[in-house]
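Based on the hints, put chain F in the right spot on chain R.
Respectively, the protein sequence lines represent chains R and F.
Using the working numbering, the first residue of the first sequence is number 4, and each one after it goes up by one.
Using the working numbering, the first residue of the second sequence is number 4, and each one after it goes up by one.
What the hints contain is simulated information worked out from the structure, not anything from laboratory work.
What you are looking at is a predicted structure, and each value in this text was computed from that prediction instead of being measured.
Please note that a few of the clues may not be correct.
One copy or any two copies: either way a pair holds, since identical chains are not told apart in the list.
SDA-like, lysine to any residue: derived pairs with alpha carbons at most 25 angstroms apart [said to hold, decoys possible]:
| # | residue 1 | residue 2 |
| --- | --- | --- |
| 1 | 221 | 106 |
| 2 | 50 | 5 |
| 3 | 50 | 369 |
| 4 | 375 | 295 |
| 5 | 269 | 24 |
| 6 | 375 | 332 |
| 7 | 221 | 103 |
| 8 | 50 | 9 |
| 9 | 127 | 106 |
| 10 | 50 | 214 |
Each chain, letter by letter, is given below.
Number of protein chains: 2
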Amino acid sequence: MQSFIPPDVLLLGPGPSPVPPNVLAALARPTIGHLDPRFVGMMDELKDLLRYAFETDNALTLPVSAPGSAGMETAFVNLVEPGDTVVVCRNGVFGGRMRENVVRAGANAVVVDDAFGTPVDPNKVEAALKANPGAKALAFVHAETSTGVESDAEELCRLAREYGALAIVDAVTSLGGIPVRVDAWGADAVYSGSQKCLSAPPGLSPVTFSERAVEVIKSRRTPVQSWFLDLGLVMGYWQGGAARAYHHTAPINMLYALHEALLGLKEEGLEAAFARHRANHERLRDGLAAIGLDLLVAENVRLPQLNAVRVPEGVDEAAVRRRLLQDFSIEIGAGLGELAGRIWRIGLMGAGSTPQNVDRVVGALGECLGRKVA
Amino acid sequence: MQSFIPPDVLLLGPGPSPVPPNVLAALARPTIGHLDPRFVGMMDELKDLLRYAFETDNALTLPVSAPGSAGMETAFVNLVEPGDTVVVCRNGVFGGRMRENVVRAGANAVVVDDAFGTPVDPNKVEAALKANPGAKALAFVHAETSTGVESDAEELCRLAREYGALAIVDAVTSLGGIPVRVDAWGADAVYSGSQKCLSAPPGLSPVTFSERAVEVIKSRRTPVQSWFLDLGLVMGYWQGGAARAYHHTAPINMLYALHEALLGLKEEGLEAAFARHRANHERLRDGLAAIGLDLLVAENVRLPQLNAVRVPEGVDEAAVRRRLLQDFSIEIGAGLGELAGRIWRIGLMGAGSTPQNVDRVVGALGECLGRKVA
Chain R
4 MQSFIPPDVL
14 LLGPGPSPVP
24 PNVLAALARP
34 TIGHLDPRFV
44 GMMDELKDLL
54 RYAFETDNAL
64 TLPVSAPGSA
74 GMETAFVNLV
84 EPGDTVVVCR
94 NGVFGGRMRE
104 NVVRAGANAV
114 VVDDAFGTPV
124 DPNKVEAALK
134 ANPGAKALAF
144 VHAETSTGVE
154 SDAEELCRLA
164 REYGALAIVD
174 AVTSLGGIPV
184 RVDAWGADAV
194 YSGSQKCLSA
204 PPGLSPVTFS
214 ERAVEVIKSR
224 RTPVQSWFLD
234 LGLVMGYWQG
244 GAARAYHHTA
254 PINMLYALHE
264 ALLGLKEEGL
274 EAAFARHRAN
284 HERLRDGLAA
294 IGLDLLVAEN
304 VRLPQLNAVR
314 VPEGVDEAAV
324 RRRLLQDFSI
334 EIGAGLGELA
344 GRIWRIGLMG
354 AGSTPQNVDR
364 VVGALGECLG
374 RKVA
Chain F
4 MQSFIPPDVL
14 LLGPGPSPVP
24 PNVLAALARP
34 TIGHLDPRFV
44 GMMDELKDLL
54 RYAFETDNAL
64 TLPVSAPGSA
74 GMETAFVNLV
84 EPGDTVVVCR
94 NGVFGGRMRE
104 NVVRAGANAV
114 VVDDAFGTPV
124 DPNKVEAALK
134 ANPGAKALAF
144 VHAETSTGVE
154 SDAEELCRLA
164 REYGALAIVD
174 AVTSLGGIPV
184 RVDAWGADAV
194 YSGSQKCLSA
204 PPGLSPVTFS
214 ERAVEVIKSR
224 RTPVQSWFLD
234 LGLVMGYWQG
244 GAARAYHHTA
254 PINMLYALHE
264 ALLGLKEEGL
274 EAAFARHRAN
284 HERLRDGLAA
294 IGLDLLVAEN
304 VRLPQLNAVR
314 VPEGVDEAAV
324 RRRLLQDFSI
334 EIGAGLGELA
344 GRIWRIGLMG
354 AGSTPQNVDR
364 VVGALGECLG
374 RKVA
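One chain only, chain R, in its complex shape (with noise of 0.2 angstroms):
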């Protein structure tokens, strides 16, 4: 055995995306103690970046010490107790993955579907709050990976205050890449990933609570069922000021490279990472339209930083995505549940998107095709 020499691959799927070269040199960086004052300073910074990115004064922002999932995880075994009732939106995986840490944290989950492809229905949300008077929270996704959908965060957070009920947002896809305004919105609980339209590795995920969340966190009848994920524990190490509390070894070198990552986005600053994500969105949808390959999702709800691409009648999706490997050093990626076979995801996620990267996937597909550019 040997020591591992990955390839380099341009990375076009639903996450990881491209981690700049000053990002990875940042994770190589000498390891330092998680209790070091000059960490601890560089900690404050990481929550500062966060708030930026989150657009939200929230003071309880901080990354999960694990990827995405556990983000998801974090927001509701520290919101939900057993027995409370949680509205879900599915339209696509992630939000079934919500439902099942619904179901796990003890709680009824009244699921609102759509069909994967489409964004949430505020009208059938509406009527799922007013038909469960009481609910806790109504929990959806704002940038569906596993479709390219954006639902309307903003309205449906707005409905979620109208019925008294937190808001829980899923935004691992969208923060960075479309705006995600977590104060405006009055959202309650966001979380996200490192590795999508952040540039950073995979590995951690950016939460924020709001006030009102952390009222609701500290008035729990029952303790949370994660120790490590339990806020009230994790607080009192991010937040602890003089008292800081041990409760975990933070992750120290994934964590120099989120600040990186975040010193970037701040640098290009969050309306031009927006518009150059849109801009390279439509590169692609004209790239694409030239080799005759048409979109899944409705224009005026698409992701610009994941493209569902549908897979033309008689093609090998699976053949084609590893041509695109093997020939062209391009991952893009497959559909997922009930798109499987049926859609490619093409991410322009963060440094990830750019004209050059556009052009070369265009070209790459082309080819596997036998499409030339019009």
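For chain F alone, coordinates are given in the frame of chain R:
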């Protein structure tokens, strides 16, 4: 705000330990996809390397995508169900954390207490197992990071089997530093951390489960309360073969680093690594004695990799640690729990266990205390 450039600190606390340059270099290699066949090949090697470190043939051996605390939780939430009884040994902070995990899994914890600084007493454990027939598991910490004590894992695992209980073993600080003979002991669930004697950065938790444990997981009456840590799902991802199912996005770069660190351990050889930890511990013991410092723990149960040093009367222990960090760039640890203020913890773990590091910390401590080596 600027890029974070960490200081160069010699990490001789209770973890993280120093990460060698080749492991940092592996960490910074280009991120690839978690479903890329080359990555999957690396995962298979990683499982084999972990089996080497754990001295096991267990099929279910993998790194959990989060720090050691999550490895602990993985063991408890998968093996324990509401209503079960678990005998938990508590002779330090981490035994107390095990108890928390048992309670949060809805089970009944029977605690066997021993004084901080002493090992788990097998006689008390046997009495507890006798008094609680049908106990589902016996849980103990092999190497207590909070005190520097080794407990007799072989004897405790033997007792568990004799009384029909699963043996759950915390090997966070032991793996790679002293023998962790999973198969020879008949241990059922063992978890560790990447950042102690394995010399990778913090953030991953290697775990291994016996066939017996896998049977228990497969025959659960209730779902695992954690979605993220549900081994039924994690196994589908790590052991999936052709049917590999997506679970979560693996922390790709951290896994490169763990692979590289374990290659180093295998190249040195387990027995050579144990002998090195032992020899440097003895050098430290002698060096400390020469400046009038002695160790908390009795000689026959001392961990070579984690040394609890008594703080002399009248010495401000925090001031000494601050000076070590500021003037000598050496980090050592404070006491935890009831040992706070009474001990320092000097870790000689993994790549940190060298004669040069021993001499450096002894010399610096001597200067701080105004005690020159005799």
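Tell me, which hint numbers fail for this structure? 3
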